[in-house]
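> Sequence:
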Amino acid sequence: NHTDTRFNVGSINKVFTRIAILQLETEGKLSLSDTIGRFLHDYPNAEAARTVTIRHLLDMSSGIGDFFGDRYDAADKEKINSVKEYLPLFADKPLEFAPGMARRYSNGGFIVLGLIVERASEMDYYEYISQRVYVPAGMATAGSFRKSDLPSNTALGYTTTQKISNFS
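Here this note's numbering = 1-based position in the sequence shown + 366.
Incorrect hints may appear among the rest.
As the list claims (entries may be wrong) - As a list, the in silico DSS-like pairs of lysine-lysine whose alpha-carbon atoms are at most 30 Å apart: (1) Lys445 to Lys459; (2) Lys443 to Lys459; (3) Lys450 to Lys380; (4) Lys443 to Lys380; (5) Lys395 to Lys380; (6) Lys395 to Lys450; (7) Lys380 to Lys459; (8) Lys395 to Lys459; (9) Lys380 to Lys445.
Read the hints as simulated data drawn from the structure, not as lab findings.
All chains should be built: construct the whole structure from the sequences, respecting the hints.
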């Protein structure tokens with residue numbers, strides 16, 4: 367690693383999504399009491415669209431599950447290039463509990479928040495986060511990068527089961 371090494375932002379992006387939502391609330395473009403359905407008219411789970419609020423999504427009390435699981439394992443990850451492309455991995459599943467009645471970590475809920483950021487801001491989620499969060503915070507080289515299109519000087523991650531590399 368060097369001072370110019372770039373890092374692909376992962377789950378820490380939830381903090382930046384929260385910032386984006388609160389910016390949009392301050393601008394009057396959304397309210398924390400708005401439901402998913404206000405912004406995502408075609409959301410696959412009608413009950414979630416009608417009952418889950420932005421506040422539920424932010425505090426992980428929505429009942430929406432995670433996108434990790436059998437569908438994610440079977441998916442071609444190289445074809446997931448936008449926030450919306452994560453929806454088929456979880457959005458049609460029943461809520462795990464009634465909104466506000468429990469809390470459970472939910473990557474899926476933050477995917478939904480990312481889509482709400484897109485609709486409320488009329489910008490691509492990644493572009494919004496870059497322009498409205500990273501750059502003002504002095505994080506001009508941070509980002510969410512496709513594995514197939516990593517900028518130069520990007521750190522390569524690994525897991526205990528697979529090394530991720532640019533080398534074939």
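> Hint by hint, say whether it matches the structure.
Results of checking the hints against the structure:
1. For the proposed pair Lys445 and Lys459, the alpha carbon gap of about 21 Å is at most 30 Å, so the pair holds.
2. Taking the CA atoms of Lys443 and Lys459, the gap is about 20 Å. The hint holds against a cut of 30 Å.
3. For the suggested pair Lys450 and Lys380, the alpha carbons sit about 16 Å apart, so the restraint of at most 30 Å is met.
4. Proposed proximity of Lys443 and Lys380 is supported: the alpha carbons are some 20 Å apart, at most 30 Å.
5. Between Lys395 and Lys380, the direct Cα distance comes to roughly 20 Å. Compliance with the 30 Å bound is thereby established for this hinted pair.
6. Taking the CA atoms of Lys395 and Lys450, the gap is near 20 Å; set against the 30 Å cutoff, the hint holds.
7. Proposed proximity of Lys380 and Lys459 is supported: the alpha carbons are some 22 Å apart, at most 30 Å.
8. A threshold of 30 Å between alpha carbons decides the hint, and for Lys395 with Lys459 the separation of about 28 Å falls inside it, so the pair holds.
9. Pair hint Lys380 plus Lys445 holds up; C-alpha atoms about 22 Å apart against a cutoff of 30 Å.
Going through the hint list in order, the structure satisfies each hint without exception.
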